[in-house]
Structures are given as C-alpha cells and as structure tokens.
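Spelled out, the chains give:
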Amino acid sequence: MGMNALIFNVLKELGINPDRFSLQWASAAEAPRFVKLITEFTDKIKKLGPLGESEGIGPDELQAKLKKGLAAVSSRKVRMVYGNTTKTIRKEGIFTPEYISSVIEEKLKKAIVGALSAEVEEGKPAAPEKKRAPAKQDAETKEAQKAPAKAKPAAKKPAEKASKKAKPAAKKKTPAPLKASAAKKKVVANKTPAKKKTAAKKKN
Amino acid sequence: MSKEEYNPKVLGFLCNWCCYAAADAAGVSRYQYPPNLRTIRVMCTGRVDPSFVLRGFVEGADGIFTGG
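Chains as they are written, first to last, in this note's numbering: chain A, 1 to 204; chain B, 1 to 68.
Each hint should be verified, as a subset may be incorrect.
Under the rule of at most 30 Å between Cα atoms (straight-line distance), these lysine-lysine pairs were calculated in the DSS-like manner [stated by the list, open to error]: (1) A:K47 <-> A:K36; (2) A:K46 <-> A:K12; (3) A:K12 <-> B:K9; (4) A:K12 <-> A:K87; (5) A:K109 <-> A:K87; (6) A:K46 <-> A:K36; (7) B:K9 <-> A:K44; (8) B:K9 <-> A:K67; (9) A:K67 <-> A:K109; (10) A:K12 <-> A:K67; (11) B:K9 <-> A:K47; (12) A:K36 <-> A:K12; (13) B:K9 <-> A:K46; (14) A:K110 <-> A:K91; (15) B:K9 <-> A:K36; (16) A:K91 <-> A:K109; (17) A:K91 <-> A:K107; (18) A:K87 <-> A:K67.
Cβ-to-Cβ under 10 Å is the rule here; a few derived chain A residues that face chain B [as the list claims (entries may be wrong)]: (19) M3; (20) N4; (21) L6; (22) I7; (23) V10; (24) S27; (25) A28; (26) R33; (27) K36; (28) L37; (29) I38; (30) F41; (31) G69; (32) V73; (33) V78.
Everything labelled a hint here was simulated from the structure, so no lab data went into it.
Since the structure is predicted, the reported quantities are computational estimates derived from the model, not experimental observations.
A virtual CB, placed ideally from N, CA and C, is assigned to each residue, including glycine.
Can you build the whole structure from these sequences, using the hints too?
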C-alpha cells in the first residue's frame, strides 16, 4: 500500500494521470475477479489513450520527465524517507488506505519534489550522485548522535569487514552513463563503507 | 487512429501465488479477457519496487497493473 501511495505521488508530481497505475488483489481461486479487474483496467487505459496524450505532454518531454521520476524514486533520500515512513506506519498500527496515503503524501512530498527539482537544475545523470552526498553525511551524523558512544569500538570490526565487501559492489553499482572515471569510483567506494558503518552501528 | 483500434500496452506485475495463478485459471476455464496485458511474473507482490513501475513507463507502457 505504501508503494502504491509513493507511485501515485511521483506520477502526480510528474503530471501523469495516477489512474495509469493500479494495485489490486485477486487470489488464485478468483479467476472471474481477475478477468473483471483486468478488463476494467484495460478499458480505462483505452479511454485515456497512449501515455502522454490525455496529459498533453509531448513524447520527448515525457521521456525526460519519466527518467527524472525514475531517478527520483531510486534516489537514496527518497528511499530513506520512504523506509522511515513505513516504519512509523507500522508502529502506529493504523492500516487504512486513506491513512497510509495521507501519511506518505505528507512525509514524502518534500523529498520527492526535492529529488525531482535537483535533477531539473543539474540536468546531467552524474549530478544527483554529488547532490545526494551531503544529505547522506547529514544522515550519518544524525545516526552517530543517536548511537551511544560505547557502541563505537564494537562497530569498528564489522565495519572494516563491510568495507572490504562493499568495494567491488560499489564499482558494479556505478551506472555506465556516469562515465565512471577512476576518481568517481573512489568517491562511491568511499561512500558505501560509510553507509555500511551506520548499518553495523544500528545492529549493535 | 481511432480509439477503437488503439491497443494500449498494459504491463502486469503478477504475483506467482495469486494473480498469476488466477490468470492461469482464467485461461483454463476459458474466460475472455483483453490480450493487451504483458505479464511479468514476480514471486511476491512485495518484490515490486517503485522503480520497476517508473521503468515500465519509461519503456513505453501505457498502464501498469500490479496484482497481488
């Protein structure tokens, strides 16, 4: 349900009709219900027309917007806020769709808009990596403040192990369009262990 | 192109245990449903990530159906 609300919000921000995405349930024994759902959904999409037509967005602009949306959804900041929000929803124990969507909208709007506008300003795929860096450091310092001081020495060993493991993974992660120069690889490799460290601290 | 001729591309993320089995059962019991659905089987609807959906739209889907 949370994912549903997140996608609705992103599509709304991009100016795409959220009706184009649907999350439904049908059990294995409910073939007639599945047929009904899929027929209704297809009819709805038929009425809306091709992607971008009912929204009044040209194909090139649409592609750019969608890619922006994809980058925003994959950005660490949005994912972190989303994860924290779902955690709080679980704690509260209220699972009505209205409540979940309202909470997600309230908490994620800023992060989504921020992630989308960041890419608008920079316009290059390499830019968001740099932009995200300060946010993560902030998160790390916050974590450090939260975590008690005695957890630190214990956390060092797993963190070292994690950094060894993380280096090849980090190299893999850098996507091709980034024109992965050696310097950037180093930046990414340096970043990832820091993230693992916080994870290790959390465990302790 | 008139709207009657227009065939939308509908992408479906179907759970192996629920909607995918339901689609299978619908086929076995000869229910008619539109052929516009392109199915991607996932082992659980929880596996579907928001980025999958956005990527689906980037790749040219007109609508995305997620069935749990």
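Hint check results:
1. A:K47 <-> A:K36: Given pair A:K47, A:K36 holds - Cα atoms ~17 Å apart, limit 30 Å.
2. A:K46 <-> A:K12: Distance ~20 Å between A:K46 and A:K12 Cα, so the pair holds.
3. A:K12 <-> B:K9: 21 Å, holds
4. A:K12 <-> A:K87: This hinted pair holds, its Cα atoms lying about 24 Å apart.
5. A:K109 <-> A:K87: Holds. A:K109 to A:K87 sits at ~17 Å (cutoff 30 Å).
6. A:K46 <-> A:K36: 15 Å, holds
7. B:K9 <-> A:K44: Measuring from Cα to Cα gives roughly 12 Å; hence the hint holds.
8. B:K9 <-> A:K67: 19 Å, holds
9. A:K67 <-> A:K109: 18 Å, holds
10. A:K12 <-> A:K67: 15 Å, holds
11. B:K9 <-> A:K47: 13 Å, holds
12. A:K36 <-> A:K12: 26 Å, holds
13. B:K9 <-> A:K46: This hinted pair holds, its Cα atoms lying about 9 Å apart.
14. A:K110 <-> A:K91: 22 Å, holds
15. B:K9 <-> A:K36: Holds. B:K9 to A:K36 sits at ~18 Å (cutoff 30 Å).
16. A:K91 <-> A:K109: OK: A:K91 and A:K109 at ~21 Å, within 30 Å.
17. A:K91 <-> A:K107: Holds, at about 15 Å.
18. A:K87 <-> A:K67: 28 Å, holds
19. M3: 6 Å, holds
20. N4: 8 Å, holds
21. L6: 5 Å, holds
22. I7: 5 Å, holds
23. V10: 7 Å, holds
24. S27: 6 Å, holds
25. A28: 3 Å, holds
26. R33: Check passed: Cβ of A:R33 comes within 7 Å of chain B, closer than 10 Å.
27. K36: 9 Å, holds
28. L37: A:L37 check passes; min Cβ-Cβ to chain B is 7 Å, inside 10 Å.
29. I38: 5 Å, holds
30. F41: Given a least distance of 5 Å, the restraint on A:F41 holds.
31. G69: Hint on A:G69: holds, closest Cβ of chain B at ~5 Å, below 10 Å.
32. V73: 5 Å, holds
33. V78: It holds, given that the least Cβ distance between A:V78 and chain B is near 9 Å, below 10 Å.
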